[in-house]
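Visitor: Sequence:
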Amino acid sequence: MPANAVVVADDNPTSCSEIVSWLKAHDIDAHATSDASVVRLIEDVGARVVVCRPGSTGIALFHALQESADPPLIVLLSEASAAKDEVYFNGRLLVIVIRTPVAMAPLARFVKSVLGIATRGDSEAVLALASESLSSEPTAPQPQLRLVH
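Using UniProt numbering, the letters of the sequence shown map in sequence onto residues 1 to 149.
No lab work stands behind these hints, which were simulated from the structure alone. One should not assume that every hint holds.
Straight-line alpha carbon distances no greater than 20 Å define the calculated EDC-like cross-link-like pairs of lysine to aspartate or glutamate that follow [said to hold, decoys possible]:
(1) Lys112 x Glu18
(2) Lys84 x Asp44
(3) Lys112 x Asp35
(4) Lys24 x Asp44
(5) Lys112 x Glu86
(6) Lys112 x Asp11
Could you build all of it, start to finish, from the sequences and the hints given here?
Guide: And the structure:
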């Protein structure tokens, strides 16, 4: 089962460690990387959320996660003047774009909320799989068409 971990991927090690410090201050299991090892780190810690910037580390991440069986949610911190606070879904990846500068305490609370949602979703998926394996018969009767005048 995936862990409640967050990976922060940024080309700038100082920025990366600052974000990780804020997340850890809010009792979030956060890990930092500023190189190409980001995908391996995501797999090793079972990250459910990745916080990144659109540098070379972040861009490489998008391509690699397209192939992942269970890609984490991506929070993209963008400094682009044309960036908008938006949510994108391309059929595989869920990306939340947040314009910077961003206040770190609210960002940490947001990430913690997302992790809580992911944990509940993971628990429901496990329960659904367990109930499927216990019974191959449908638990509810099939609906039947009935004419009433």
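Visitor: With reference to the structure, classify each hint as holding or not holding.
Guide: For each hint, the structure was consulted:
no.	hint	result
1	Lys112 x Glu18	holds, 17 Å
2	Lys84 x Asp44	violated, 32 Å
3	Lys112 x Asp35	violated, 25 Å
4	Lys24 x Asp44	holds, 18 Å
5	Lys112 x Glu86	holds, 19 Å
6	Lys112 x Asp11	violated, 23 Å
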